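Asker: Generate coordinates for the entire structure from the input sequences, incorporating the hints supplied.
So you can see what is in the structure, the chains are spelled out below.
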Amino acid sequence: MGNCCERAGNFFGPQNNTYIRVSLPAVCFVWQIAMVILFGVFIRYDEESDEKGWHEFKKSHNITSNIENDFYFRYPSFQDVHVMIFVGFGFLMTFLKRYSFGGVGFNFLIAAFGLQWALLMQGWFHSLDPVTGKITIGIESLINADFCCAGSLIAYGALLGKVSPVQLMIVTLFGVTLFAVEEYIILDLFHCRDAGGSMVIHTFGGYYGLAISWVLYRPNLNLSKRLNGSVYHSDLFAMIGALFLWMFWPSFNSAITNHGAGQHRTVINTYLSLAACVLTTFAISSMGQKKGKLDMVHIQNASLAAGVAMGTSAEFMITPYGSIIVGFCCGIISTFGYLYVTPFLEKRLKLQDTCGIHNLHAVPGMLGGFVGAIVAAAATEEVYGKEGLVETFGLSGKFENRSMSTQGAYQAAGTCVAIAFGLVGGVCVGFILRFPLWGDPADDFCFDDEAYWELPEDEETIPPVLEYNNHMINKHQDTHESQFSLEES
Amino acid sequence: MGNCCERAGNFFGPQNNTYIRVSLPAVCFVWQIAMVILFGVFIRYDEESDEKGWHEFKKSHNITSNIENDFYFRYPSFQDVHVMIFVGFGFLMTFLKRYSFGGVGFNFLIAAFGLQWALLMQGWFHSLDPVTGKITIGIESLINADFCCAGSLIAYGALLGKVSPVQLMIVTLFGVTLFAVEEYIILDLFHCRDAGGSMVIHTFGGYYGLAISWVLYRPNLNLSKRLNGSVYHSDLFAMIGALFLWMFWPSFNSAITNHGAGQHRTVINTYLSLAACVLTTFAISSMGQKKGKLDMVHIQNASLAAGVAMGTSAEFMITPYGSIIVGFCCGIISTFGYLYVTPFLEKRLKLQDTCGIHNLHAVPGMLGGFVGAIVAAAATEEVYGKEGLVETFGLSGKFENRSMSTQGAYQAAGTCVAIAFGLVGGVCVGFILRFPLWGDPADDFCFDDEAYWELPEDEETIPPVLEYNNHMINKHQDTHESQFSLEES
Amino acid sequence: MGNCCERAGNFFGPQNNTYIRVSLPAVCFVWQIAMVILFGVFIRYDEESDEKGWHEFKKSHNITSNIENDFYFRYPSFQDVHVMIFVGFGFLMTFLKRYSFGGVGFNFLIAAFGLQWALLMQGWFHSLDPVTGKITIGIESLINADFCCAGSLIAYGALLGKVSPVQLMIVTLFGVTLFAVEEYIILDLFHCRDAGGSMVIHTFGGYYGLAISWVLYRPNLNLSKRLNGSVYHSDLFAMIGALFLWMFWPSFNSAITNHGAGQHRTVINTYLSLAACVLTTFAISSMGQKKGKLDMVHIQNASLAAGVAMGTSAEFMITPYGSIIVGFCCGIISTFGYLYVTPFLEKRLKLQDTCGIHNLHAVPGMLGGFVGAIVAAAATEEVYGKEGLVETFGLSGKFENRSMSTQGAYQAAGTCVAIAFGLVGGVCVGFILRFPLWGDPADDFCFDDEAYWELPEDEETIPPVLEYNNHMINKHQDTHESQFSLEES
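Protein chains in written order, with this note's numbering: chain S, 30 to 518; chain A, 30 to 518; chain Y, 30 to 518.
Treat the hints loosely; a few may be bogus.
The list cannot tell twin chains apart, which means a pair is met if one copy fits it or any two copies do.
Stated by the list, open to error - Dumping the calculated DSSO-like pairs for lysine-lysine here, alpha-carbon to alpha-carbon at most 27 Å:
#1 Lys81 with Lys415
#2 Lys163 with Lys415
#3 Lys427 with Lys81
#4 Lys427 with Lys319
#5 Lys254 with Lys87
#6 Lys87 with Lys163
#7 Lys254 with Lys376
#8 Lys320 with Lys254
#9 Lys415 with Lys320
#10 Lys254 with Lys379
#11 Lys415 with Lys88
#12 Lys379 with Lys415
#13 Lys320 with Lys376
#14 Lys415 with Lys427
Derived from the structure by calculation, the hints contain no laboratory data. Computed from a predicted structure; not experimentally measured.
Answerer: Here you go:
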């Protein structure tokens, strides 16, 4: 305990490895300057956001009304996705009693960096004009950039409280890069459909984070155990994040699906699936405790699993009851995961997963990939109509003659690619993060905002003058001794 | 006090009636499985969300652009309504110092169940295809399902802290059922207009909750008095809910009004009315206290009353100043209600109304119904135009020759139907809830999340290691004794 | 300390100047009644929200679909702006440990009043029909009214915790009035473009607030120093506000820009600029502290500066990398401002700026005005297209022959007008506020919700019965004495 007291007095004795005054600004400046240069060289407005281009586009496409601009089809969904990325993911990670600043703050930092890098990476892979050498961006690019960040934010969930912001920047740099490559393979080469990203976002992000966490295993993490839990109000902050994720997931899955019936149906499917998931989550959460009490961790997380699992199939004709069945199963599986799998992984596989992304992203994402494969394989012209089948699965050009069972097989293969990229990429990045120069906290200093944030005074409540004066008096005494003397008196 | 101390040591001596480990999962599973089956039998995509259907619809209606899909008219409003239901209602009910988990969590549970049941009930009554025997759903159905839940969530406001989640599921099951029936009578048989639900949602939900609460009167509720109040930060959480309700109420009232000028005007009217309501709420709140201080309860609740009261008339040509006058009056009436009527109801009528839904929903909803009746009766072709009058009031088919004064009379009658359904239905459901097997808390265990939730440790702040160690030392002593010895020393 | 103790016992000895039971209701009622009358005389629906008008408009403009109603172009942005005004600004100001009710509550009050007054003032200046003498309003008017409030809410940021609600109503009354006049000069007479209000909103609002605060300088404000800071959870509440502002700023800047490519491009530019700003904010925040720790004040505020600075130029063809450069610089400038300029202003210029609006609004707004001037002056037909140039800068009618360099000069002049209006108007209003009858708190009673709000009990956590009983016992003793005796024992 002597050691502990010392730390209470001087935080920067043994812990000065969390000193990031050089590394964090260096990384931020270098990368942001790189962004300026690369955007200058590569990024331009697309024809629907360019002033001249849009006027020409309207003429060439015989469009009379500005409402035909893709902006009006996608902007409401984009803003919902944006809320999910920054408030949803951010506040979901505020549940720890003393890592709420880090949860929402670092999420903010890495998402803001990641989306810029994503515009470039996704641009190079998907929309580089071979003639001009430029990438053109519009509202759909912004949505895709937000999606691409999500992969790295999911990985952050496994690492929460155990890494430095510099490490997170590295996780994001590689995460976005890997994402763009696997997305290219899955969506372009395999020609899979994955509008809500069960495979490319959640499966990849989940396994990416788990692999990193596995490499960064801390055998003495229980030294920080006192801070690895919530308090009453931190759970409420996390509930803000959870609810915004839950409510806006229909927008997430429908944001880049086909105009018209495509977006419409995706919303309905996701909405129903999420509702069903809530009920089974509550049921299993109550059954899982001796006293039958509900656990906020499950409510905040497992109730979202259906949104993850519908990421691929929500745009298909999965039918309303099909959606409900998926949600039904996901609530059960995910809550079981929180109850039994996460503790098992930690004990047996040396895998510390702070937020339980295994149960919220990795497994439901994988399931979603396979559900998507099955629904795709089962698609018929009778149900979709000839035109609809071609549009929904993009079966034109060189994919014109692909059969639905082939499509299903590719969808399943895509899921495996996402897992592989997550695991292999995560292990590699994990080893990079083990270099001892990134400022990560010691084992007894995890889950503590003290490491990276100027914290306000400790008191939660500063009642009127009287107690403040008492407080100042106490400060002049040796607080430590006076408290113990109380016990002894 | 001996009894109390015993409870502090063993929560499951006398309180084991809050044991829900069997009943809650049972209800959740049975009802969710029922949903799967009923959705399988009855629910299909409508022609604007079905892949094949939409292609055919476009051809048959000569539509060239996907932007004509109803989705794009309604989706932004739908998402706002969704936020109101889950974050708005949910966080508004977090104001109690130790029932915030229950407030937002059970709201989540019952809304997620209610919306599924609502799709079925409303479908059977409003959109069952007599040929195929199927209900087809689209974005408007989702909005209506959210609306339908709102009735039961309002009722929860009166019961907050005094019922078990199982009881709430029953309240919702019957609430949604009753809602669908009264809605059928008011909107279909009486052919009333009630886009924002002054009558069908707020009046019904308000009186439904009050009637249940009246049947469940607890004479010894003051045993839980210490927890029936807010703390500083719980009031801020509630303010999140209140503001999202306030801001998005224009979307609530306009979500299912007519395309074009209908939605446009509804937004303007609701926006103005709510703004006016805020000023009179602040005024009366300050006047109502001896020291002139403002009360957060009023600000959180009474400022919303205008949204409730504009639910029927916002889509009519009530004029901007008419809207402001309605808001002006509602702020006064609702704040007076919180100051004087709620205490009166509790003392004299044995009616315990935790959130004061009498003042926020029941009375403003009823007023809104009658305001709507008057504005409808006053409608003229001069103001609406011939086409506009027919469209606004749906005066086609067998209602072609209905005069505006008749319409007004039906609107007024509709309000009475809503009150009657609320009161009678609420009393019946209240008696069902009195069976002693639903796990509701004892009188001295109300307003306490301890009953149904795994709670984190008590400390709000866990400052560095030193105090944690002190805490562990204390734990090994008999906390009770040591604390008293402090007083005596 | 004797004085302090007295206050703890009797808050209404020396502090009864915060008594607002007469003045606040009086102001609210008088002004709201004035609103009813003025709206009755002046305000009508415009042709897109009027039932009859829209039917006629569709016929006369050959519009076949309701989706062409301006409502569908602007409503999603409007709701985002609405969230920024009430939750964004409101919760950003909850960061003080004991002024969160005042931050979000008074923001609510003055915005609700301000928007009504803004509809009238802006109507008189911009859209009064000379024939009928009426102002017609639609969705764009609501957005403009929200914008107009923003000017006064920004000013509130400088005054937070030091003024009474009555004073704030006066600040808003004059603020909205001044806003409408300077807006008329800048947008109508000078014919500047300023869709996101770098000049008319932020520069004006910033300097308006600073000038008021300068006149209201309190030499003894350090008597309230103990409350002029945050606690852990109040910083998280403020983060809710900050994030909603950050996320929805693209909607703020694009809400009233041209349909089609105009809104589309504005969103892209603002999104990119804000992302870049976050990285430089984190970098400078870390560099600015000896230990390299991050400061929540910077993260909450400086990361928003890019949105302010893009207010004018975001709708122009500033290019994506141009947007990033602006964001890059703003993060640096604004964070430096918080680190060095605000303390300097307080010490040397006697300028107490609670929220640091100098760094978030005044300076970035001014910069944004000049950036807009440069980008406008550099606009060419080659980049915008002939049609595009005319549309983007509104160069029709009597401005048909204005050259782009003239346009740039007018934009720069507009910025100066905004500064002048802010400073001169602020000084005048400041002197009005110094009359000793508005109920502002004494120097040792600032930043304290106790002055104007009924506060709940002090305890943040009310653990089970046992401690509550202890608490009741303590209450019967003289708390003051018993606490000191503990220290002495």
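Asker: Look at each hint and say if it fits the structure.
Answerer: Going through the hints against the structure:
1. Lys81 with Lys415: between (37 Å within a copy, 8 Å between copies)
2. Lys163 with Lys415: Result: close only across copies, 24 Å inter versus 36 Å intra.
3. Lys427 with Lys81: Between. Shortest inter-copy distance 23 Å satisfies the 27 Å Cα cut-off; intra-copy 33 Å does not.
4. Lys427 with Lys319: neither (58 Å within a copy, 60 Å between copies)
5. Lys254 with Lys87: neither (61 Å within a copy, 60 Å between copies)
6. Lys87 with Lys163: within (22 Å within a copy, 36 Å between copies)
7. Lys254 with Lys376: So Lys254 and Lys376 pass the 27 Å test inside one copy only (15 Å; across, 44 Å).
8. Lys320 with Lys254: Intra 24 Å, inter 25 Å, cutoff 27 Å: intra and inter.
9. Lys415 with Lys320: Cα proximity of Lys415 and Lys320: none, with 55 Å in one copy and 65 Å across.
10. Lys254 with Lys379: within (16 Å within a copy, 47 Å between copies)
11. Lys415 with Lys88: between (30 Å within a copy, 14 Å between copies)
12. Lys379 with Lys415: Answer is neither; intra-copy 51 Å and inter-copy 65 Å both fail.
13. Lys320 with Lys376: For Lys320 and Lys376, only the intra-copy Cα distance (25 Å) is at most 27 Å; the inter-copy one is 36 Å.
14. Lys415 with Lys427: within (17 Å within a copy, 40 Å between copies)
Of the numbered hints stated above, those contradicted by the structure are hints 4, 5, 9, 12, listed in ascending order.
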